[in-house]
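Engineer: Keeping their order, the protein sequence lines are chains A and B. Residue numbers for the first sequence follow this note's numbering, beginning at 1 and rising by one. Residue numbers for the second sequence follow this note's numbering, beginning at 1 and rising by one.
Bear in mind the hints are in silico, worked out from the structure with no lab data behind them. If you're wondering where the values come from, they're calculated on a predicted model, not measured in any experiment. The C-beta atom is built at its ideal place from N, Cα and C for all residues, glycine as well. Relax, there's no trap hidden among the hints.
Residues of chain A placed beyond 12 angstroms of chain B at every Cβ, according to the derived structure:
| no. | residue |
| --- | --- |
| 1 | M113 |
| 2 | A125 |
| 3 | G151 |
Examples of chain A residues lying across from chain B (beta carbon under 10 angstroms, computed):
| no. | residue |
| --- | --- |
| 4 | L10 |
| 5 | F14 |
| 6 | F29 |
| 7 | I68 |
| 8 | L71 |
| 9 | T75 |
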Amino acid sequence: MNLDLTIDVLLLAFMAVIAIAVVRMRDLFGIAMLFSVFSLLSAGVFTVMDAADVAFTEAAVGAGVSTILMLATLTRTAREEQPKRSRNPTLPLIVVFVTGALLVFGTSDLPRMGDASAPAHHHVAPRYIEDSEREIGIPNIVTSVLASYRGYDTLGETTVIFTAGVAVMALLGIRRRRRREEPGEED
Amino acid sequence: MFVAATVAILVTMVLAIVRTLLGPTVYDRILAVNMFGTKTVLLIAAIAFMSGRTDLLDIALVYALINFIGIVAVLKFFEYGEFSRGGRGRP
Numbered sequence: 001m002n003l004d005l006t007i008d009v010l011l012l013a014f015m016a017v018i019a020i021a022v023v024r025m026r027d028l029f030g031i032a033m034l035f036s037v038f039s040l041l042s043a044g045v046f047t048v049m050d051a052a053d054v055a056f057t058e059a060a061v062g063a064g065v066s067t068i069l070m071l072a073t074l075t076r077t078a079r080e081e082q083p084k085r086s087r088n089p090t091l092p093l094i095v096v097f098v099t100g101a102l103l104v105f106g107t108s109d110l111p112r113m114g115d116a117s118a119p120a121h122h123h124v125a126p127r128y129i130e131d132s133e134r135e136i137g138i139p140n141i142v143t144s145v146l147a148s149y150r151g152y153d154t155l156g157e158t159t160v161i162f163t164a165g166v167a168v169m170a171l172l173g174i175r176r177r178r179r180r181e182e183p184g185e186e187d
Numbered sequence: 001m002f003v004a005a006t007v008a009i010l011v012t013m014v015l016a017i018v019r020t021l022l023g024p025t026v027y028d029r030i031l032a033v034n035m036f037g038t039k040t041v042l043l044i045a046a047i048a049f050m051s052g053r054t055d056l057l058d059i060a061l062v063y064a065l066i067n068f069i070g071i072v073a074v075l076k077f078f079e080y081g082e083f084s085r086g087g088r089g090r091p
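Isolated chain B, as found in the complex:
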């Protein structure tokens, strides 16, 4: 079962890479990178269960956090052109 899940995740990674390379707009690329990060988390989790090294799950958690923060930074860059500003109405 884990093997099937891994294969499915790898196929999805291929699709995400294709979208990152082709992506006509910026938002396609951002979304593809975000999905790729999520797939990396899932791939590591699947590998962890398949090989019995469950300590790899910690790495998967770190990836999830980094992925989230990175995407927030990228979107802030696009919305404001810099990182140091807050939301609407705040300095």
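Just chain A, with the same shape it has in the complex:
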């Protein structure tokens, strides 16, 4: 009995069910709760796929911070979504199916998961593993890749996250409570 495969299929099926429910639901609080469950499920999928760091981030940001941000937004808006008369759904449906088919077609060219001969393990990864401690001087390889080899990339990402945080703070109205210190930044 292949339990890993069963767990994968079940978690993904849960995610599909929840996504459909989110689309069909009108109660925004219930949708926020469902998003929390969705995030927990995707973190579970990451864990099963052995991507522990991604699962950490997904759990902290997806299930933790973003649920709270959504609820904070709910305090500013209505609890119910206004039903809107939708137009003909044929064209969006075709676009979605074509995009999905293209994505599935794209996966056929990917190397198998955990394949040691995949290009990702041969391009620069051996150099990182062998030389990063001598070149950078940080024992943790991931840290030296993020902070040194891809330093500009990380700087750009941090700027984007900072901007998004400032925008969210501005939208959620910190101005109501005047404080001496600056409000804390979320990552």
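Position chain B against the provided structure of chain A, taking the given hints into account.
Structural biologist: Quick look at chain B alone, frame taken from chain A:
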């Protein structure tokens, strides 16, 4: 044994999802989400022991913490309508 535990946890997850989707009241949904988070913690722990990667237990601990904080935030939202207030008698 871990396989049996995993199957049982998955069945419970299905039940929790059903309650989240049907849940007539808000409190059913909150409780179902809380239980779902607990089941995720248990599932990850079971997978960790089954596959021998005990470092996954750290993730299970993080989930437990996030689950607790998230539920407290949700309940505060429902009791007060905002997050910045304390309990009764405090500003």
